[in-house]
Structure formats: C-alpha cells, structure tokens
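Engineer: Each chain, letter by letter, is given below.
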Amino acid sequence: MNVVSITRSRPSDSRAETELLVSMAARTVPPLWPLEGAIAVNPLAGLEHLAFEDAVRVGADLFGARAAMPLAHWRRLVGLGRIDRAAVRDAAIARLGGCERAFALLGPDVSLLDCVLARLFDLPAADDRPILADRPADFVAKWCAAFFDTGNAALPMPGREAGFYHAVLGMLPYDGEFAALAGPKSAAMLGEASRDPVIAIAEGLEAVASDARLNRLRQLVARLPGWAGHLRWRTEYADPVASAGARATMADLIALMMLAEHATTSVTPQRSLLRPDDHAETAAAIARHFDFAQGEDYPLLAAAARLDDADLGLIFQVAAEHSFRDTIVPTLSTACTDQAPSPSERPDAQLVFCIDVRSEPFRRAIEAQGDYETFGYAGFFGLPIAVHPPHRGRVRQLPVLVAPQHDLALAPVAGAEAAAAASMRAERRAAGACDLFDAMKGGAATGFATAEATGPLGGVLMLTKTLLPSAAKRLARRWSGDAAALAPALGADDQGCGGLSLAEQTAYARALFALTGMPRAAARLVVLAGHRGQAVNNPYGSALDCGACAGNGGGPNARALAGILNAPAVRGALAADGEAIAPDCWFIAAEHDTTTDEVTLFDLQLAPPSHRAALDRLRADLARAGQVNRARRATALGRAAADLAVGAAHWGEVRPEWGLAGNAAFIVGPRALTRDVDLGGRAFLHSYDWRIDADGEALATILTAPMVVAQWINCQYLFSTLDNRRYGAGDKIVHNAVGRIGVLRGNGGDLCVGLPMQSLFEDEGAPAHVPQRLLTIVHAPFDRVAAVIEGQAVLRRLFGNGWVQLVTIDPQTGAASRWRTDAELGAPMAFATSTRLTFPMEQPS
Amino acid sequence: MDLALLPALAALAAVIVARASRNGARALAAAQAGAVLAFAIGLALAIADGAGWRAIDGLALALILLTSFVAAIVLGFSRRYLRADGDAQGFAMRVSLLIATVLGLVATGNALLFAGAWLASGLLLASLIGHVGGWDAARAARRRALQAFLIGDAALMAALLGLAAHADSLDLETMIAAAPALPPAAAAGVALLVLVAAMARSALPPFSGWLLGSMTAPTPVSALMHAGLVNAGGFLLIRFAPVLEAAPLVQGAAIAAGLAAALWGTGILLVRPDIKRALAGSTVAQMGFMVLSCGMGAYAAALWHLVAHGLFKAWLFLGSGSAIGGRSAPALLPLPALGIAAIALATLAIGLALGMMGLATVAVLPLLLAIATALATLWAVAGMSGGGRLPAALLVGGLLAVHAGGLWLTSALLARPLGEGPAGPLVAAAIAVPFLGVWAWQAARARPLPPPLYVRLLNAGNAR
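Protein chains in written order, with this note's numbering: chain A, 1 to 845; chain B, 1001 to 1464.
To be clear, the hints were calculated from the coordinates, so they are not data collected in a lab.
Glycine included, each C-beta is placed from N, C-alpha and C at the ideal position.
Just so you know, not all the hints are guaranteed correct.
As the list claims (entries may be wrong) - Derived contacts from chain B toward chain A, CB cut-off under 10 angstroms, selection only:
#1 P1273
#2 S1282
#3 A1341
#4 L1458
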C-alpha cells in the first residue's frame, strides 16, 4: 500500500460522504405541503437545535431574511395598545442585563436604557430593502416548476421519467437562458457536467474545505426553500403516486443549483439582510437625539448602538410574551384554586371540539346558551385514517407526521343512498365538463371557437360571482348535490380499503376518554365537532381547514368516531373495561364552519327518535352561539357580521377569516381552568385530567403530538409575520398558481412558503398577528411534567431552546412554575436541573 | 358634444371622485360606480341606436359595452381583492383613468384625442403592471411593456401623421376614407405601421414578451388587460380596415403574423406550468386569430371574437386562484385516431364544398374552426359516461346558438362586416389546414414535444 492511496479517498467513500452531506443539507428547510392540504410548518425547523435567538440570526443569514419584524410594525403594535409600553421597558432592562447596567448614566439624565428606548421608539428605522432577483435560483426554479407540475400544463416536460437532474440536463442544450447565464462556456460546461448528480456535487465540493462543505450545501438549499421543501414533501411524506414516473431527489436539486451558480458569470447579490456593522452611525444618531456634546467620549453609547435588528425585535417580542403570560397565568392559577361551581351531573349535551384556537370562543358561546359542557381534542379525533372519495385520490385525514394506519372508503350513508348516488353522478358530470372544456380550449383548432362560445357564459358567471356570490354558491351546491351523503365506511371494501376492526375501533374510542378526561357516563347527546373554513377561488383556502386533518375538514373523522361510539359492539367492549357509556347516550358528528360560524350536524337520520327534541334544541342553541361568535369575529375583521357569509362565497375575497392569527397559548387541562376566562381566540385548548393519567402517558402524547402541531402553527405565523416576503408568501394579489401545487409571485421564482400578507396584516398594514412564541400551560404537578419532558427529546429541545415556553399550574395549590431555558440555566442539560419558580418573577431588581 | 364620449366622461368623473375619497375602499367603490355608469350609458346609446337615432358607431358601441362591463366586474372584484393594498386609492384612480382612455379612444372621431388616449392607455397599463412597489421584477415588467408600447405607439403616431397630412384633416373618418387614394408604396407603408401598432398592443410575436411577462400585475389588472387593453390591436385593424385593404401585401402579412401567433400562443398555453402565463399564452393565440381574421377581411367575426374572448379571459383570470389541487379521475374518453381524422377531413370537405359552390366568404376560416369544434365536442359528449349526455348536448347546443347570435349581432353592428381579403375564400379555407394539422397531432397524443421546441415555448416571455 502506498501513501497516495491513503490520502486520496476512494470514489465510493466520497460518494457515501456526499450523500450523507446532501441528506443533512436537506434538513435546512422543512417539507412544504401542497396548498391543496396546506400544513403549517416552522420555516426554521432545521434550526430548532439552536436557541431561538440564535436560530433567528442564523436563519436570517441563511435565507436572506430579516432577523426581526420592521421596527415600524412593532411601534404600531405598541401605539395600538396591543403591547404594553411598560413591558417593553422591562424587556429592554432584562436584555441589558439588569437594572444596574440599564440605569447607568451616559450623560446628564440619560441612561443606557433611555438610549435603547430611543432606538426602539424614536430613532428612524432602517428601510425595507427591496428583494433582489437571484438569477441562478430563479433559473433552477423555472425547471422545478416545469418538472414538478402536476397537471397545469397539458403537455408535460419531455424526459421526466429519467429523473429531475437528467431531464433538465437533457433540456439545457436548447435553453437560451442557460446560454445567456453561462456565456460562451455553456456548451463546454454541459459537456463536462457529470451525469450523476452526487458525483457532480462531490466535484463541486472539491474546492471547498471539508468542514465548510455542509454549510455550502445548506446555503444552496436555502436559496430555494419553496421548491426544496416541496421536494422533501414529495419524497418523504407523499404517497408514492405523487412521484411515480418522475423521480427527484435533493441531490438532483443541489446539483442543478451548483451548475447554475457555476454557470453564472455575474455576482450573486448579497443575501444577508442583517445590517452591516454601522454601529458608529447608530451611535451618532443616538448622540444627536439626546444632544450629546460632540467630541466627548461616551463608552456606554457603543453598548446601546451594538444592539442589532434581532436584539431590538426580541425586546418587543419578549415584552409581548411576558405581558401575555403575566396576564393569563395568574388568572388560571386563581381559577384553579377557586372552588368553581362544578358542572351539573348530566349536562344537556357534551361537545368535543378541535383544539384549534378558533374553537375557544365558540365553545364559550355555546356554553353560554345552556347546560353544555365542552372539551378540546385533536380535530382528527385520534383516528389515523385516509379516506377514498370515489373518482379521486386518497385524502389523508390525520396529522402529517403520522402515516395513515387505515384506509376508509367514502360510501353512501344509510338513509341517504339516493342523495349519494346523485352527488356521485354530479361529480362525474362536473369532471366531464371540466375535462371537455380543458381539452377544447387548449386545442389548436378548437380553442378559438371555444372562447367565442363560452365567453358570454363566462360573462354571466362573472356577474353572478361578483354581485350575487351567495346565490352563485348555493346554485353550484345544488348542482353538485349533497356531498355529505357520503361518509367514511368503517368496514372493508373491495377497492383495497381495509376499514377498522372491532379491536381498533374500541381502542380509538378509549383514547377519546383517556386523553380528554371526559367521563364515559356521558350526557344524552355528545357532539364530536370537526371544523373547516370556507373560501372560494383562494389558493390558501385549505390553510383555514383543520391542521390535524392534514388541511382538510374534520367532518369525516368526526363521523367515523361517532359511528364507532354508537356501535353496540364497541359499547359492549367499553363496558367490559368496567366503565360503560350511558345506554341512552348518542354521539353525533358535526362540523364547525369557522368562516361563517355555522355548525352542520351529520347523519341526523340515524339518531334515535327519542333524541330528536334534544337535537332540535341543540341545533337552535348552536345557531345562537354561531351568531354571537360571528358578531365577535366580524368586529375583529372590521366588517359587518352579514358580510362574513358573503366573503365566504366571494371569489375576490382574500381574507374570509383570520384563521389562527393571534395564536399564543396551548393550554392542557380541564375546562374548569379556562371556563371563566376570555382567551380571545388565542389559545389551543386540550382537555386533560391529570388524575387519570398516573403514568403521564396521555400527557406525553398531548405534548409530543398536538402541542408540536401547535408549535409549527405558532412558528409559521410568527415567522410569516416577521418577514412576510421571505418566510411568508407575500401579497396575494400577485400570486400565480403553479403546477396545481402552490403559488409563485408574479412571473416566476421560488414556490411561496408560509402565509400570505393578507392572513397576517390588517387592511391598514398593522400586524394582526403579534409575533410571539407559544406559551404552553399544563395543569399537572410539576414533577410529573418534568418526568414527561425528560423522556422526550423533542420536548427538551423545544422548551430548552426557548421555542416554546412552558408553565405548569399545580392542581392542588394553583402555584405556577416556569420551565427555564438552557440559556437561563447556563447548562446544556437544563431538563435535569430545572427547578420551580413561582410567579411573578423576573422583576428587575 | 359627441354622445359617444359620455361613457369615457363617466369613467373620468370616477377618477375625480376616487381621488377625493377618504380611503382605498371608497375609491374602489367610486371607480366601480363609474364603470357601471359608463356601461349604463353604453346601453342607453345602444337602445337609442336600435330605435333609429344614429348616436354611436357600432364598433365603438361593442367596445364600450365590453370594456365597461369587464371594468365594473374587475373593480367589484378588487373591492375585496385589494382590501389590504397600501395604494388601493391610487389603483382605483389609475384603473378608472385607464378605462376612460380606452372608452375615449374607441369613441372619438378626432385624431388628436385618439392619439392622446392611445398613448395614455399604454402608460397607465404599464404603471399598473408595476403596481406593487419595492419589487425589481415588477419594475422590469413595467419597463418591458413601455418598450413594446414605445415601438407600437411610434408606428401608430407616424401612420396617423401620414394619413392626416394626406387627407389634410384631423377627422379620423376623413383620414381613413382618403387612404385608398394614397400612392401604393405610401399606402403599404402606412398600413404596415398600423399593423405594427396593432401587433404591439395585441402582444403578437415579436411583441408578446411584455404580456407574457406581466404577471407582476395584480390579478384584476391582468383580467382587465387581457379582456380590454389587448383588444386595442383588433379595434385598430377594424377601424382602419380601408387603410389595410389598400395594401393587400400588408393584409397578407397580418394573416401570416396572426397565424404564427395563434399556433405559437397555443404552444405556450400547453407547456406552461403556471396558470397565469398559460392564460397569457392563450391570449397571444387568440389575439393572433383575431388579427388573422382582420387580415382576411372577416371584420364581424373578428369583432365577435374580440368581445367573446374578452369575457372568456377576464373570467378565467379572475378565477385563476382556483387552479390548485388534484383533479378527479378523467371522465372523458380520448378521441380515437379515426375520430380525429374524420373530424379534420369533414371540416376540410365542408370548406371545399362551400368554396366550390361559391358560398364561402372571407369569413370561412372562423366558420370552419367552429364546425371542427362542434364536431369534436359532440363526439366527446357522445362518449361521456353516465347520464350527463343530454344536458351536455343541450349546453353545447345553447353555446353554439349564443355563438351564432353573437356573430349575427356584430355583423349587424358593423357597417362593413365583410371586407376584401387579399386572397379568395379557397385560400382562406386552406388556412384551416395548419390549425387542423396541429390539433390532430395534439389530440392523437402521439409523442412529446421535441425538446428544442418545448424549451422555447417554456421560455417564451421570460426576461432576457
């Protein structure tokens, strides 16, 4: 063996090493779900191993994003009274390291704190920098759009079956834009480019120091977070059918980015939006503001000037977080110890809603209508299912991190067979009409007469959709028939749907009671209410649907679980546990329309006649509760209550509802804790009874599944608001649907991620969502919560790195304890040493 | 006072009200009210015209009704769509002013007013393409539109200048009527200038880049642009028909340019993965067909195409937010090869027969393509599964009737529904061959596009 062969790694080694680097680099971006079932994700999910503050800075650098919301927005929130000015002051003191330093004087009557406050509130804020085009990334994005298209183009890209990298390489010799990008060397470059993407990447990394290679790949991935995220969804989370016949890997994408970047002769624009070190300028501005004498030396001035955008934004954010926490936690503590009048032995009905923040105000509204008890449970009702509508692909109805365990066919409901058949016929008719229209308008000989013949019809449709949107929607509904006549069938069918066995059904039934603490000796009526939003002609419509049902309505899951719980066999099995469901109890499935606040009750024809009167009363009360909640929401939207239904049907409406804007807390505990508190639609409420969860298993499930979903949502709203153009989807009015999977901005570029501006900002431009991290409040003994956290890496990461703040409320004493982050403890193993802290705390002293 | 200018004045008044409005929402409402008023005035003029008072020219009337109708809908849509726009008021004002210029230029008989309105409409359209601020892509798109308009507008101004000098008048009617008396070379020159102006506004290649790259415009602007503004080219060719007819060579050039655009735009529509650029490709194709019809002298057919396509495209653009999500399983059987051949051959046979019997006019091409479309549609409907056949056949029949009615209406509106083409009806019928040929290739789904063609179509409209 000679020396050379040792120092030079073999190709297979370098290949394996490169593949490993690629798979690590892929984690830079979170998966991006297609908008048909939009799922909230944390755009910085790849940085959750870092402390939140550090991740914001690293993310800004990596993605070319802002490190904080513009100061003007924060100032506006303070001006509007949505963030307490005093809280900002306290947060600034804390950031400066305490009172002693904060009140240190720079000059006569001017403290360090005054300087920082001047920067926060008075000094002119840096302007928004325009987003510059990234030519290599836009070039690759063009080919991503062509390759990943799922049916917008009638003629697909040729050669897709060869895989992404190969298919694009096959096109590049004819691509004038590549020639323009690369100049005269383009043909030579294409000739030299390796046909194997992994080898191409390895070659591209040869000139990079080995410890900088991963970073280099991460930077390439971060330049197309949208398409890279789509690719991750496609390879890691989608059904195989999504990528059948057109394989694509992250190596393909990175190799193309390398090729495009290598080809580009012009210099790539500076991507980091973190402002360069212009401390001197800032210091001068502060000095001018306070009329400091020129020429004198103020050593502390540098400290005030050194705070960067991220620091300033974090002061506001922490202020918002603390003032929210310091308002809500004492209230809940009090409610915990108060001997609240216990709810009646047998309420008129119990209603189980999704944990979604939009359920909270509705629950309060329905509770006010009568003797109703409500619960919060994940909106997929614990059923890991996918449903199969006739003539359409499989629809997942469960949290996206879980793989479907059962496939259920959507089949006619007993008693609605005729309506079901009519709706299926209507679906075929509509599909036929769409196919025909598409074929005719795209035909070289047929497109012109088609435009002429259908144009007047289009004119009439435009008129009705604009002037009479509700009537247009009703008419469309009448034509499409009653889709609710189809429901998930629990049995197996001959199309490959396995259904659910009795044992499985019983297990899912048990889980409802175990996780929510709902007693089995239930009311005569128990409503399982899923939810969905309503929007027309809105690419982001599914973002208003149930996140726990993969961006779909929760109705099918509610109907399946209601069917399970009404089945005599399941009831028999539950009775064998020793605690039976009351024999006169009937479970009824429902769907809360969060846009119009109407609640649809399903399968009423199956309910026993003895329950009809109670159902009628419930229906009337739900309608009244809807009215109350609608009025409340209309105020928040700045519109008339009646306009909400119009907006839900109008094809030009860009904000049918506020969605989950404002989300701030995740509360795990019994309803008694929150019943008398108006949480303003800002809290996810998960019902939980610590007394029946001795081993903490239910709590572990709640914190690692629904809470993680809530954290994704919270981070999506936070970052989409913080930098709407980079972490969010920007302005809806220039959105351009691409490939039937997402939207582009204008002519091209990356696939949009996050939420659009209209979902987060008010008409006048003020943020409707205050960027703040999720506050999780658990009603359980601290030690039990700590034990759960110790056993779960994801929880240690989220709480320890400050992505989620945790407060526990002791059920016996009502004492609140806060989980400290690793940074506060100065120890990486915070979970082991975390101790109790009683509220209130962190008073600057 | 020319009554035909009243709709333009209504839109102009809306600009003033929008400017005085307290906020964007009110400004948009005012702009919409202006468009509704303009449409109402247009209707009144139509009724007056029908009752025998010659209040307005038929071509102007058709365009006034189309533009104000689409504008009223687009502005109604915008009242919700632009609710969070920082400059909704400016948007309302610019859109109203743009509508006023279009309504003015189609109605006026004065060459100066016409030229001014034409130039202003281009500037306003470009500024709306760049409506979203702080975005270099929007600025670039605006610049591209201005560049294309600069060429086209310069050509039009030169043509107007030549015609005015020749006729020694600023009255458009007089200027156009005097065109046939121009010396042949001058006539060809002026006609070519008019054609270039029309091609630039209607986004025919080589000018299609500005339209294909205009997706930085808010969706309602795209709807208005594709339904109203691009029609300016067709309007120009119909209005200046005598100028073109005085130069048969230029008519031939219009036919060639239109045919190329019709096929090229269809190709773009077929390959684009994004909905808006695909629709823009379709507009290029449709505008090509319109220019082609004008070149052949089929003015009534061109006018009906312009109106119906305007409604069609505004509808599709405003609804472009729905192009998300998987589709249902196919409900339509593909046409068999035999059916494709039968439809294509039957269409050509009908064309030949009409020509031999002397029944064919210069408008035979739109007729033949309508026949091919009807045959293909009926074939597809007959093969449809389920019970939808009868309603589908009725719907198709209804649409055909509306189509025929529209053609009849535009024929009645125009003083000269049929002009003189550069070639006989048989040649006109022969132009159906390339359309049918490409369609047959498409319908047979034989093989993918050759890569060089695919890449060119995909890149069409990208900024250099």
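Engineer: If a hint holds in the structure, say so; if it does not, say that too.
Structural biologist: Results of checking the hints against the structure:
Satisfaction of the interface hint for P1273 (chain B) is found here, the shortest Cβ-Cβ separation to chain A being roughly 4 angstroms, below the 10 angstroms cut-off. Annotation: interface hint on S1282 (chain B) holds; nearest CB of chain A at approximately 7 angstroms, less than 10 angstroms. About 13 angstroms separates the beta-carbon of A1341 (chain B) from the nearest beta-carbon of chain A, more than 10 angstroms, and the hint is not met. Taken as an interface hint, L1458 (chain B) checks out: its beta carbon lies about 6 angstroms from the nearest beta carbon of chain A, inside 10 angstroms.
Of the numbered hints given earlier, the model fails hint 3 alone.
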